[in-house]
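Construct the entire structure; sequences and hints are all you get.
Chain order of the listed sequences is E and W. If you count the first sequence from 1, position 60 lands on 212 in the working numbering, and the numbers rise without skipping. If you count the second sequence from 1, position 100 lands on 104 in the working numbering, and the numbers rise without skipping.
Any given hint could be a false lead.
Quick list of in silico lysine to aspartate or glutamate cross-link-like pairs, DMTMM-like style, CA-CA up to 25 Å [said to hold, decoys possible]:
no.: 1; chain 1: W; residue 1: Lys61; chain 2: E; residue 2: Asp382
no.: 2; chain 1: E; residue 1: Lys684; chain 2: W; residue 2: Glu180
no.: 3; chain 1: E; residue 1: Lys428; chain 2: E; residue 2: Asp385
Reference excerpt, derived from the structure (chain E facing chain W, CB under 7 Å, subset only) [what the hints assert, rightly or not]:
no.: 4; residue: Gln156
no.: 5; residue: Leu157
no.: 6; residue: Arg319
no.: 7; residue: Gly490
no.: 8; residue: Gln491
no.: 9; residue: Pro494
no.: 10; residue: Pro502
no.: 11; residue: Ser503
To be clear, the hints were calculated from the coordinates, so they are not data collected in a lab. All figures in this text were calculated on a predicted structure; none of them were measured in a lab. Where a beta carbon is used, it is the ideal one built from N, C-alpha and C, also for glycine.
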Amino acid sequence: MQKQLLMGDEAIAQGAIDAGLSGIYAYPGTPSTEISEYIHASKEAKEKGIKACWAVNEKTAVEEALGMSYAGKRTMACMKHVGLNVAADPFINSSITGANGGFIVVSADDPSMHSSQNEQDSRFFGKFAMIPILEPTDQQEAYDMVHYGYDLSEKYNIPVLLRITTRLAHSRAGVKRKASRDQNEGSLPKNLRQFVLLPAIARKQYKYLLNKQAGFETESENSEFNKYFDAKDKSLGIIACGITFNYLMENFPDREVPYPVLKLSQYPLPKKYIKKIFSECKEILVLEDGYPMVEEMLKDFLEKSIKVKGRLDGTLPRDGELNPNIVAISLGKPDTKGQDIPSIVVGRPPSLCAGCSHIDSFLALNSALEEYSKGRVFSDIGCYTLSALPPYESINSCVDMGASITMAKGAADSGIIPTIGVIGDSTFTHSGMTGLLDCVIAKSPVTIFILDNSTTAMTGGQPSAAFGRIEKIVKGLGVEENHIKILKPLKKYHEENVNIIKEELAYNGVSVIIPQRECIQTLNKRMREKFKK
Amino acid sequence: MKIDIVIAGVGGQGIVSIATTIGFAAIESGLFLKQSEVHGMSQRGGDVSSNLRLSDKEIFSDLIPKGTADMIISVEPMESLRYLPMLSPKGWLITNTKPFVNIPNYPEIEKLIAEIKKLPRNIAIDADKIAEDLGSPKSANMVILGAASPFINMPFEKLENAVKSIFARKGEDVIEVNMKCIRAGREFSQKNI
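Structure representation (structure tokens):
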């Protein structure tokens with residue numbers, strides 16, 4: 153079969169289609185979004201009847217996927233690394249229930265924080281859940297690991313974590329496909345109490361999980377993805393996790409590394425290889441993108457035995473994405489660099505699009521807040537976070553999905569009155585509704601802006617679960633009808649909007665203001681498609 | 005044989021179409037390819053770049069090592085200079101001269117052009133104007149690609165065929181105008197080397 157040019161994300165998606173997937177569940181989040189998008193757009197997936205679902209958040213996605221696994225079918229839940237925090241409850245507990253149909257959770261990490269608020273390493277979550285972790289080196293492995301991952305999942309009745317990073321997610325290479333296999337027929341778990349985590353049952357299930365650990369380790373030792381390349385010079389042994397193997401090889405154009413190398417792409421750690429490299433080499437260099445997880449596991453705290461080098465001892469930077477140059481330096485090789493950037497070049501930070509409705513919303517909010525002291529606007533995750541930058545400088549926080557509303561409440565509880573929460577429509581249904589209910593119950597003096605651009609804009613315009621429902625939800629949660637205000641965020645209504653906002657800021661209770669205007673990007677896209685027809 | 009290219013621009017300028025065209029030609033030529041892109045937050049009017057690597061041997065890193073890129077292809081003049089640390093001392097810089105001004109402190113264009121001209125191997129082309137004169141203002145990217153083509157070690161027909169295939173579903177007229185653009189860019193470079 154001819155190779156197909158696929159991004160890492162797309163390779164996973166195609167791998168899932170070919171490996172007999174029945175349903176994929178996700179909330180969009182860079183760099184994971186394109187996995188689901190590929191399946192949503194795939195004709196083949198449609199013909200095969202694969203369910204492609206955007207979930208309201210990552211937690212519901214993992215739970216829905218777990219339900220499909222319960223019913224015996226192969227399923228996948230995809231998210232970015234911080235999405236796995238949201239889904240942590242079902243994710244960790246799914247290792248105790250175990251799986252029935254093959255279940256893969258994909259978490260895409262973002263070292264260097266290209267589009268994220270932290271660079272946490274999902275492998276820790278996999279280790280925490282005590283399940284097998286797969287970490288592909290390249291696009292081909294990303295594809296192959298889906299087939300392998302489902303086999304592993306079904307052999308041990310266990311969810312499998314597939315961990316990738318931004319670089320692999322958004323890089324294309326030729327991928328060779330395998331023969332497509334059928335979906336599972338679907339069957340209930342043999343033991344109908346497998347998924348009932350009552351303490352008495354959970355204790356048994358947890359023992360099953362513990363008993364599976366030795367098997368997982370054997371699988372890692374026999375895995376085609378973990379490879380040991382022996383070499384003569386034992387002054388150093390290199391453990392290269394996932395994509396870092398490529399950065400290592402890039403430094404040896406003839407592909408011959410003089411030191412023994414363990415290419416590590418499956419966890420738990422394969423003990424026989426680790427023992428070998430430790431007993432034979434004088435020093436160990438650990439290359440890993442993300443946190444120094446393996447390095448920490450191997451390092452003896454007092455460093456009495458072998459020396460382990462990596463991110464913790466300064467051989468590699470403690471934070472940020474690795475690259476061929478950083479790896480060269482860690483190997484004592486000369487660094488390469490072209491000319492410096494001329495001083496005339498200035499930064500070009502991302503910004504709100506020309507014509508974006510958020511611009512008018514923030515200009516109105518800024519005007520309405522002129523009479524108050526600064527520092528009272530709590531915001532959230534989305535395009536509107538860019539309003540922290542000049543020329544708006546409107547917001548004072550961006551922490552996690554939904555934290556705008558709840559932090560505004562907490563700050564109001566401490567005496568800052570009024571406080572303002574600013575959240576997007578999709579973020580509101582993701583994690584804002586429960587916090588708003590807290591505000592309603594406490595009658596908090598908060599003014600919550602739900603910026604309704606009718607899409608999940610930052611990740612490229614996926615459908616918003618809030619579409620057409622915000623007002624009803626807000627009313628249903630108990631916000632008083634006369635304190636729910638819909639605005640049209642346009643320059644010509646600026647004065648009118650400012651006045652409405654001022655009135656609500658003065659109200660000593662929960663107000664919700666909903667500026668409603670479609671995202672300029674999705675509007676343009678829609679118009680282009682309409683024009684085409 | 006290996007060609008490492010940094011493609012640069014501003015989010016929304018569509019640098020991916022250049023990468024896609026070269027990538028298509030590379031695959032048709034049986035070459036190995038890796039192409040790393042920027043998605044997400046930076047796409048909102050920020051600086052964006054793509055690393056495109058072609059080789060007749062297996063490619064490992066998705067990222068080009070600094071100081072070794074054979075070429076920078078930029079659809080925006082200031083952005084072309086941002087990636088100079090990536091460029092090999094023997095590398096070419098091919099850039100559009102039309103600035104994309106979406107920041108208040110954008111430098112004077114004459115000074116940027118002067119910096120570009122300091123480089124021993126540079127092509128500075130007003131791709132927007134050429135594309136406009138040819139009746140397709142949106143095809144400036146294809147003019148730039150044409151301007152880069154003499155330095156891409158691959159038969160030009162392969163790139164032409166890639167343009168034909170990629171624009172196939174948009175009809176003959178679109179193919180024709182994009183072919184004109186890529187050829188006009190190539191001619192410019194051949195005259196100005």
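Quick rundown of the hints versus the structure:
1. As the CA atoms of W/Lys61 and E/Asp382 are separated by approximately 23 Å, the hinted pair is consistent with the 25 Å bound.
2. Restraint check for E/Lys684 and W/Glu180: satisfied, since their Cα atoms lie roughly 19 Å apart, inside the 25 Å limit.
3. This hinted pair checks out: E/Lys428 and E/Asp385 have alpha carbons roughly 14 Å apart, not beyond 25 Å.
4. Interface restraint check: E/Gln156 against chain W, minimum CB-CB distance 9 Å, threshold 7 Å, status violated.
5. Taken as an interface hint, E/Leu157 checks out: its beta carbon lies about 6 Å from the nearest beta carbon of chain W, inside 7 Å.
6. Restraint check, E/Arg319 versus chain W: the minimum CB separation of about 5 Å is within 7 Å; hint holds.
7. For the restraint placing E/Gly490 at the interface with chain W, the shortest Cβ-Cβ distance is roughly 4 Å, inside the 7 Å limit, so the hint holds.
8. The criterion of a C-beta within 7 Å of any C-beta in chain W is met by E/Gln491, whose closest approach is roughly 4 Å, and the hint holds.
9. Because the smallest distance between the Cβ of E/Pro494 and any Cβ of chain W comes to about 5 Å, under 7 Å, the interface hint for this residue holds.
10. Of the supplied interface hints, the one on E/Pro502 holds, with its beta-carbon coming within about 4 Å of a beta-carbon of chain W, less than 7 Å.
11. Nearest Cβ of chain W to the Cβ of E/Ser503: about 5 Å, under the 7 Å cut. The hint holds.
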